[in-house]
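Protein chains: 2
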Amino acid sequence: MSATQDKPAAAPKGQKTPKPNKMAPKPKNEAASTGAIQIGIEYKKNEDFSNWYQQVVTRSEMLEYYDVSGCYIFRPWSYRIWQEIQKWFDSQIEELGVENSYFPMFVPKKALETEKEHVEGFAAEVAWVTKAGNTDMEEHLAVRPTSETVMYPYFAKWIRSHRDLPLKLNQWCNVVRWEFSNPQPFLRTREFLWQEGHTAHATKAEADEEVTAILELYRRVYEELLAVPVIKGVKSEKEKFAGGLYTTTVEGFIPTTGRGIQAATSHCLGQNFAKMFNISFEDPNAIAEGGESKPLHAWQNSWGLTTRSIGVAIMVHGDDKGLVLPPRVATVQVVIIPCGINKNTSDEDRAAIDRTMDETFKALKKAGIRAKVDDRPTYSAGYKFNHWELRGVPLRVEIGPKDVKAGQAVAARRDNGEKSTVHLASIADDISKLLDTVQAGMFAKAKAERDASLAYVTKWEDFVPELNKKKLCLIPWCEGEACETEIKARSKAQSAEVLDDKAPSMGAKSLCIPFDQPQDEDKKIKAGETKCVNCGKDAKRWALFGRSY
Amino acid sequence: MSATQDKPAAAPKGQKTPKPNKMAPKPKNEAASTGAIQIGIEYKKNEDFSNWYQQVVTRSEMLEYYDVSGCYIFRPWSYRIWQEIQKWFDSQIEELGVENSYFPMFVPKKALETEKEHVEGFAAEVAWVTKAGNTDMEEHLAVRPTSETVMYPYFAKWIRSHRDLPLKLNQWCNVVRWEFSNPQPFLRTREFLWQEGHTAHATKAEADEEVTAILELYRRVYEELLAVPVIKGVKSEKEKFAGGLYTTTVEGFIPTTGRGIQAATSHCLGQNFAKMFNISFEDPNAIAEGGESKPLHAWQNSWGLTTRSIGVAIMVHGDDKGLVLPPRVATVQVVIIPCGINKNTSDEDRAAIDRTMDETFKALKKAGIRAKVDDRPTYSAGYKFNHWELRGVPLRVEIGPKDVKAGQAVAARRDNGEKSTVHLASIADDISKLLDTVQAGMFAKAKAERDASLAYVTKWEDFVPELNKKKLCLIPWCEGEACETEIKARSKAQSAEVLDDKAPSMGAKSLCIPFDQPQDEDKKIKAGETKCVNCGKDAKRWALFGRSY
Numbered sequence: 001m002s003a004t005q006d007k008p009a010a011a012p013k014g015q016k017t018p019k020p021n022k023m024a025p026k027p028k029n030e031a032a033s034t035g036a037i038q039i040g041i042e043y044k045k046n047e048d049f050s051n052w053y054q055q056v057v058t059r060s061e062m063l064e065y066y067d068v069s070g071c072y073i074f075r076p077w078s079y080r081i082w083q084e085i086q087k088w089f090d091s092q093i094e095e096l097g098v099e100n101s102y103f104p105m106f107v108p109k110k111a112l113e114t115e116k117e118h119v120e121g122f123a124a125e126v127a128w129v130t131k132a133g134n135t136d137m138e139e140h141l142a143v144r145p146t147s148e149t150v151m152y153p154y155f156a157k158w159i160r161s162h163r164d165l166p167l168k169l170n171q172w173c174n175v176v177r178w179e180f181s182n183p184q185p186f187l188r189t190r191e192f193l194w195q196e197g198h199t200a201h202a203t204k205a206e207a208d209e210e211v212t213a214i215l216e217l218y219r220r221v222y223e224e225l226l227a228v229p230v231i232k233g234v235k236s237e238k239e240k241f242a243g244g245l246y247t248t249t250v251e252g253f254i255p256t257t258g259r260g261i262q263a264a265t266s267h268c269l270g271q272n273f274a275k276m277f278n279i280s281f282e283d284p285n286a287i288a289e290g291g292e293s294k295p296l297h298a299w300q301n302s303w304g305l306t307t308r309s310i311g312v313a314i315m316v317h318g319d320d321k322g323l324v325l326p327p328r329v330a331t332v333q334v335v336i337i338p339c340g341i342n343k344n345t346s347d348e349d350r351a352a353i354d355r356t357m358d359e360t361f362k363a364l365k366k367a368g369i370r371a372k373v374d375d376r377p378t379y380s381a382g383y384k385f386n387h388w389e390l391r392g393v394p395l396r397v398e399i400g401p402k403d404v405k406a407g408q409a410v411a412a413r414r415d416n417g418e419k420s421t422v423h424l425a426s427i428a429d430d431i432s433k434l435l436d437t438v439q440a441g442m443f444a445k446a447k448a449e450r451d452a453s454l455a456y457v458t459k460w461e462d463f464v465p466e467l468n469k470k471k472l473c474l475i476p477w478c479e480g481e482a483c484e485t486e487i488k489a490r491s492k493a494q495s496a497e498v499l500d501d502k503a504p505s506m507g508a509k510s511l512c513i514p515f516d517q518p519q520d521e522d523k524k525i526k527a528g529e530t531k532c533v534n535c536g537k538d539a540k541r542w543a544l545f546g547r548s549y
Numbered sequence: 001m002s003a004t005q006d007k008p009a010a011a012p013k014g015q016k017t018p019k020p021n022k023m024a025p026k027p028k029n030e031a032a033s034t035g036a037i038q039i040g041i042e043y044k045k046n047e048d049f050s051n052w053y054q055q056v057v058t059r060s061e062m063l064e065y066y067d068v069s070g071c072y073i074f075r076p077w078s079y080r081i082w083q084e085i086q087k088w089f090d091s092q093i094e095e096l097g098v099e100n101s102y103f104p105m106f107v108p109k110k111a112l113e114t115e116k117e118h119v120e121g122f123a124a125e126v127a128w129v130t131k132a133g134n135t136d137m138e139e140h141l142a143v144r145p146t147s148e149t150v151m152y153p154y155f156a157k158w159i160r161s162h163r164d165l166p167l168k169l170n171q172w173c174n175v176v177r178w179e180f181s182n183p184q185p186f187l188r189t190r191e192f193l194w195q196e197g198h199t200a201h202a203t204k205a206e207a208d209e210e211v212t213a214i215l216e217l218y219r220r221v222y223e224e225l226l227a228v229p230v231i232k233g234v235k236s237e238k239e240k241f242a243g244g245l246y247t248t249t250v251e252g253f254i255p256t257t258g259r260g261i262q263a264a265t266s267h268c269l270g271q272n273f274a275k276m277f278n279i280s281f282e283d284p285n286a287i288a289e290g291g292e293s294k295p296l297h298a299w300q301n302s303w304g305l306t307t308r309s310i311g312v313a314i315m316v317h318g319d320d321k322g323l324v325l326p327p328r329v330a331t332v333q334v335v336i337i338p339c340g341i342n343k344n345t346s347d348e349d350r351a352a353i354d355r356t357m358d359e360t361f362k363a364l365k366k367a368g369i370r371a372k373v374d375d376r377p378t379y380s381a382g383y384k385f386n387h388w389e390l391r392g393v394p395l396r397v398e399i400g401p402k403d404v405k406a407g408q409a410v411a412a413r414r415d416n417g418e419k420s421t422v423h424l425a426s427i428a429d430d431i432s433k434l435l436d437t438v439q440a441g442m443f444a445k446a447k448a449e450r451d452a453s454l455a456y457v458t459k460w461e462d463f464v465p466e467l468n469k470k471k472l473c474l475i476p477w478c479e480g481e482a483c484e485t486e487i488k489a490r491s492k493a494q495s496a497e498v499l500d501d502k503a504p505s506m507g508a509k510s511l512c513i514p515f516d517q518p519q520d521e522d523k524k525i526k527a528g529e530t531k532c533v534n535c536g537k538d539a540k541r542w543a544l545f546g547r548s549y
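Taken in sequence, the protein lines are chains C and S. So the first sequence is numbered by the UniProt record's numbering: it starts at 1 and just counts up by one. So the second sequence is numbered by the UniProt record's numbering: it starts at 1 and just counts up by one.
Derived from the structure by calculation, the hints contain no laboratory data. This one's a predicted model, so the numbers in the text were calculated from it and none came from an experiment. Please note that a few of the clues may not be correct.
Identical copies go unnamed one by one, so any copy, or any two together, can satisfy a pair.
Claimed, not checked - Calculated lysine-lysine pairs in the DSBU-like style (CA-CA distance at most 30 Å, straight line):
{"no.": "1", "residue 1": "Lys275", "residue 2": "Lys362"}
{"no.": "2", "residue 1": "Lys470", "residue 2": "Lys131"}
{"no.": "3", "residue 1": "Lys131", "residue 2": "Lys116"}
{"no.": "4", "residue 1": "Lys168", "residue 2": "Lys384"}
{"no.": "5", "residue 1": "Lys131", "residue 2": "Lys109"}
{"no.": "6", "residue 1": "Lys240", "residue 2": "Lys131"}
{"no.": "7", "residue 1": "Lys492", "residue 2": "Lys362"}
{"no.": "8", "residue 1": "Lys168", "residue 2": "Lys321"}
{"no.": "9", "residue 1": "Lys372", "residue 2": "Lys168"}
{"no.": "10", "residue 1": "Lys365", "residue 2": "Lys321"}
{"no.": "11", "residue 1": "Lys87", "residue 2": "Lys365"}
{"no.": "12", "residue 1": "Lys523", "residue 2": "Lys470"}
{"no.": "13", "residue 1": "Lys110", "residue 2": "Lys447"}
{"no.": "14", "residue 1": "Lys402", "residue 2": "Lys433"}
{"no.": "15", "residue 1": "Lys509", "residue 2": "Lys445"}
{"no.": "16", "residue 1": "Lys372", "residue 2": "Lys204"}
{"no.": "17", "residue 1": "Lys362", "residue 2": "Lys540"}
{"no.": "18", "residue 1": "Lys116", "residue 2": "Lys240"}
{"no.": "19", "residue 1": "Lys240", "residue 2": "Lys447"}
{"no.": "20", "residue 1": "Lys366", "residue 2": "Lys87"}
{"no.": "21", "residue 1": "Lys469", "residue 2": "Lys45"}
{"no.": "22", "residue 1": "Lys488", "residue 2": "Lys447"}
{"no.": "23", "residue 1": "Lys366", "residue 2": "Lys131"}
{"no.": "24", "residue 1": "Lys294", "residue 2": "Lys384"}
{"no.": "25", "residue 1": "Lys405", "residue 2": "Lys110"}
When you get a sec, could you build the whole thing from the sequences and use the hints?
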């Protein structure tokens, strides 16, 4: 396999110099290639999703495979999306009184082990620093898999009185979880980027309220920025955060594989960590009554959103031509391409096109629209169309000699190919509206697809067949932990019976118990009447089960 | 030593609950304390700089000592400064066509060792991950001390043709250098935050130009944002970046200790890394002439600015009351405090003050000024003055009953204590101008102090005495590596002879060869005439030597 095959198609034929490169990543199953130029995507999303995804993320220049398995390079085309998410999320949490900070990434072994249940959830995946230079370290240091045990000893120090509450900190950082299962770009990586919020409150009510407020921000990141529909709910006891009280989640869905994916989680930790780390404060009521002051344990939350979100958006929106980026986060929202120029085009017409492109670019930039002019002289318009389609730019504006004369341009949507005429006199307005239309259209399409993939299952016989139709199953459920284990095992066994290439022999786990419970009379859970689809005990609520990432 | 002594003075007497905390950091030499409230700074900057600095950074809530030596917690009060620097620097490098990205933090051993000279510069300080969970790793992974060896294998992959150049990437990330010398908050830490820019160019001229442009941005970060004067220059061969061609630098100065400090560096790597990592491209001229294409090696730069910058600003501007923050980066630029309220103040007057504070806050916020109202009812005005002075807030606005009636307020400057009257009708304008005045005043004061500490030394006998007067020495220098080594040893030996508590027995090293060489006739270096102050050989240029961090 040549090192050039993942090379983005940026140079025309004859300009390539394949050269050996020991460091070059070797994506599996990539079609054989001998250094020929690769334009576009060779796999169909619906036929070979795995190779399609791998080609899309690399050829669009989103990501590069790295020499350490499970670690990837975020190239500017993806990193900028992360920055857009950061910018928006930061502005929102600032309104909630959350402050950004930065804690060290190394966790001393003894601190990591303070909360037993918590460390058991991560122990197998911890990367350990044991040497500095040639010196063996006395105490081994974990690279943070998450920062509860880094931060909470200091919460204990900083929090003394109810006046020190609430304490609301957030950090944007890298974390490491050395998973041994198959890595997947963006979705399952050994190092990833995230924000982790950690807060402490005087009362459970206040902590609960924040958990909900943050979850709503996560919903908005997915639905409003990434145009990806998610389902809000609470995790089962089995799936909740290790050591926490309860975990709320937004759950995404990848239609092509029929698998759910945990999109972001907002945990209420209760007082569990506070007790372990001795995070306590004076009771204001006891003081007010003039009695002895009584220290209370703080109520804590933690909440996180990772770079996984980028992968979810790619999987949901991408098509056989490559990426389809939601306008709100796209690095380039509009690419302006000169068209209809040939050897007969007069210098005057060429100059007019250049001028118009420049004016258009400036008008868009002034309106805060991220635009780019592709005026590379040695490439054809068709080549450029493919180039930017592969990279998912939401709108293409074509400007030719006739357009200039008519005071207009053609705008082509990446998401559905629709073309329309925009007016140069009102270009910023026209494009701005079109971008909003694209954003809304992408969400509506993804939502319709997701909604069509939710099956209400009321008898077990339908459960695996629905999974095999690439659906998620909503079932009346007892919420028992043993029952959940059984559902996974049972669905896995039955999946294996009907196994073919397209249906993975994967069991279903609970994704969440949706907050939004069916209210129709025929679906309403009736206490003592509605039974769990698996075990037959009394069902408590509808729960979302599915194969998942 | 009680865990509470570093506790910021946020709660009034009687509200404290000292509690044992094994994780609590133990700053050395901290005055004994028995849980009493600590307000303000107990050490004088000029008398015990080391303890002064330690108290200032912790009690201002900039930083917290962490349980791993050499690692520190950036609390919101300091992290926000870093974010302000990021925001400004990002906007500037975007104009230069630099794109942000993120590369993995783990470097495989073999990649780290590709460039021999480079790895030798870092080998002793590398932290190694050797285990994941309970599994020993086959290949040990270095935690990046810098990312040349992480990135350049991929530069080799991405760069094929001159059309792929220039390639300009930057990342904001954490890096680890496990130094065994004394750690110092912000200045010398084992994990720190920085940006590292890495670029590749077709020609040396283009690389040179960028090195200079970036260095100018670093000057502006220090001088315009942090109000800290710096000297631009080039590093000696001995002090340049390991494996690079030449290193340019901005050098800061800490008057209280008389020591220089490397503030940020912009390196031209030449073609050295390109050769090691095989980063080459087609020669456009050879192609244009129709001849055989000839691959050329790229010219590379790397450049970095770290969180050390925050420490430099604290050391330069701080005073016996605590922090003094430059307005442009301060988290809170203006604190609004109600004054002149006592038990005789009418409800009407109280309401009028509240309303005025609220209006003032809104007017300032609308003008983009970061303001905060301190209306905590249980604290006196005097307590609040101390609280915010310790934290370095550039301006305090005092609003009392008489002020409201007169349509004015009192503004007090943190940097020099000056008070002036501002008008409520034009509050945003008045405050905005005052903030600019403070920013300019802080820089002017720091520059005058720095300039007064530069000694032009033309004979060796004056060298160590000037160092002992806490000065940096400019000397005509031969630029020889052996001579530099000798200067360090000689000045160290002579320092020891006169050693007392205030003059460290530290040798002087070359800080830089300033770009701005003296042009006066009496100072101009005359080829063949002017001799090196140390070795007597022909001097080439004036060089800046000093004790340093």
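Each hint, compared with the structure:
For the homomeric pair Lys275 and Lys362, neither the shortest alpha-carbon distance inside one copy (58 Å) nor that between copies (41 Å) is at most 30 Å. Taking CA atoms no more than 30 Å apart as the test, Lys470 paired with Lys131 passes in neither setting, with 47 Å inside one copy and 38 Å between copies. For a Cα distance limit of 30 Å, the shortest separation of Lys131 from Lys116 qualifies both inside one copy, at 26 Å, and across copies, at 21 Å. Proximity of Lys168 to Lys384 under the C-alpha cut-off of 30 Å is restricted to the inter-copy arrangement: shortest distance 22 Å between copies versus 47 Å within a copy.
Proximity of Lys131 and Lys109 under a CA criterion of 30 Å is satisfied in both settings, with 14 Å inside one chain copy and 13 Å between copies. In this homomeric assembly, Lys240 and Lys131 come within 30 Å of each other (Cα to Cα) only across copies, at 27 Å, whereas the closest approach inside a single copy is 34 Å. For a Cα distance limit of 30 Å, the shortest separation of Lys492 from Lys362 qualifies neither inside one copy, at 57 Å, nor across copies, at 60 Å. Proximity of Lys168 and Lys321 under a CA criterion of 30 Å is satisfied inter-copy only: 27 Å between copies versus 44 Å inside one chain copy.
Taking the shortest Cα distances, Lys372 and Lys168 sit within 30 Å of each other only across copies (17 Å), while inside one copy they are farther apart (39 Å). Taking the closest pair of Cα atoms, Lys365 and Lys321 come within 30 Å of each other only inside a single copy of the chain (27 Å); across copies the shortest separation is 46 Å, beyond that limit. Both within a single protomer and between protomers do Lys87 and Lys365 lie at most 30 Å apart by alpha-carbon distance, with minima of 18 Å and 19 Å respectively. Only within a single protomer do Lys523 and Lys470 lie at most 30 Å apart by alpha-carbon distance; the minimum there is 22 Å, versus 81 Å between protomers.
Within a single copy, Lys110 and Lys447 get their C-alpha atoms no closer than 46 Å, and across copies no closer than 47 Å, so neither meets the 30 Å cut-off. Taking the shortest alpha-carbon separations for Lys402 and Lys433, only the intra-copy value of 24 Å comes in at or below 30 Å, while the best inter-copy value is 52 Å. Taking the shortest alpha-carbon separations for Lys509 and Lys445, only the intra-copy value of 26 Å comes in at or below 30 Å, while the best inter-copy value is 65 Å. Proximity of Lys372 and Lys204 under a CA criterion of 30 Å is satisfied inter-copy only: 28 Å between copies versus 50 Å inside one chain copy.
In the homo-oligomer, the alpha carbons of Lys362 and Lys540 never lie at most 30 Å apart, since the shortest distance is 58 Å inside one protomer and 49 Å across protomers. For a Cα distance limit of 30 Å, the shortest separation of Lys116 from Lys240 inside one copy, 15 Å, qualifies, whereas the shortest one across copies, 48 Å, does not. Taking the closest pair of Cα atoms, Lys240 and Lys447 come within 30 Å of each other only inside a single copy of the chain (26 Å); across copies the shortest separation is 57 Å, beyond that limit. Proximity of Lys366 and Lys87 under a CA criterion of 30 Å is satisfied in both settings, with 19 Å inside one chain copy and 19 Å between copies.
Taking the shortest alpha-carbon separations for Lys469 and Lys45, only the intra-copy value of 17 Å comes in at or below 30 Å, while the best inter-copy value is 72 Å. Taking identical chains as interchangeable, the C-alpha atoms of Lys488 and Lys447 lie at most 30 Å apart only when both belong to the same chain, with a minimum of 27 Å there against 69 Å between chains. Taking identical chains as interchangeable, the C-alpha atoms of Lys366 and Lys131 are never at most 30 Å apart, the minima being 52 Å within one chain and 52 Å between chains. In this homomeric assembly, Lys294 and Lys384 come within 30 Å of each other (Cα to Cα) only across copies, at 28 Å, whereas the closest approach inside a single copy is 70 Å.
Taking CA atoms no more than 30 Å apart as the test, Lys405 paired with Lys110 passes in neither setting, with 73 Å inside one copy and 60 Å between copies.
Of the numbered hints given earlier, the model fails hints 1, 2, 7, 13, 17, 23, 25; all others are met.
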